[in-house]
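Starting from the known structure of chain B, arrange chain W on it as the hints suggest.
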Amino acid sequence: RKEVEQDPGPFNVPEGATVAFNCTYSNSASQSFFWYRQDCRKEPKLLMSVYSSGNEDGRFTAQLNRASQYISLLIRDSKLSDSATYLCVVNGGSARQLTFGSGTQLTVLP
Amino acid sequence: DAEITQSPRHKITETGRQVTLACHQTWNHNNMFWYRQDLGHGLRLIHYSYGVQDTNKGEVSDGYSVSRSNTEDLPLTLESAASSQTSVYFCASSDPKMADTQYFGPGTRLTVL
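Listed in order, the protein sequences are those of chains B and W. First residue of the first sequence: 1, per the numbering used here; consecutive thereafter. First residue of the second sequence: 1, per the numbering used here; consecutive thereafter.
This is chain B alone, in the form it adopts within the complex (with noise of 0.2 Å):
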C-alpha cells in the first residue's frame, strides 16, 4: 500500500465549478500535511498547508481528518489558471522528509 494515496484524476471541470480531492495517508504518526501545485513540466511549488481544524486561502479550503488519516482540498469557482496536478504532501512523524502522493490532475475548461 502507497504511504500517499489519491484519485489521480484526471478531474475535467467547467469554469466556475467546484472540485474536491481526496487523499489518504498511511503514517498515523505524521504531524504535518501539505497540498502542492505542479504546472505541466514545472516544479512543484507549496499550495497550502493543512491544519486539523481547517484552512481556507481564498477559493480553496483544506481539511484533514486524523481518525480516518484523511485530508481533502476544495476548489471553488474553479478558474482556467487552476489547471494542474495537485500533490498531496504528508511528513514522515519526526523525520524532516515528506512523502508525496502522485498527484490528481485537474482541468479547467473554458
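In short, the hints are calculated from the structure, not lab data.
One-sided excerpt, in silico: chain W residues whose CB lies under 10 Å from chain B:
id: 1; residue: 31
id: 2; residue: 35
id: 3; residue: 40
id: 4; residue: 59
id: 5; residue: 88
id: 6; residue: 102
id: 7; residue: 105
id: 8; residue: 107
Given the structure is predicted, the values throughout are model-derived calculations rather than measurements. Glycine included, C-beta positions come from ideal geometry on N, C-alpha and C.
Using the frame of chain B, we list chain W on its own:
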C-alpha cells in the same frame, strides 16, 4: 532574491556513463533533497542532506550518490547511468526552522539511451 537552480535543464547521455546533476541554492538552507519523478510514481526521494558533510539515502538511492561540501550545493551523481534512470530530477531545500516547507528547483530532464 533567493532561489534554487539546477543544471543542466536537459541532458541526454549513454548507458554506463557517469553523470552529475548540479543543484545550487541561495536560501542558505541546511536541508537539501533530491527527488526523481516518473509517471505513476510521483516524487520519490533519492538522497538528502541536513548540513555540510551530512548525506543520507532515500527510498530509491541505488545507483546514485551525493556529496555536501558547502551549504549551497548538493550535486547528484549517477555512477553508471542506466536506462531505468531516465526521469525528471528535482532538487529541493528547506529551512530547519520551517522544515516541512520545501522549495524546489526547476528540474533536470535526463534521458539515458
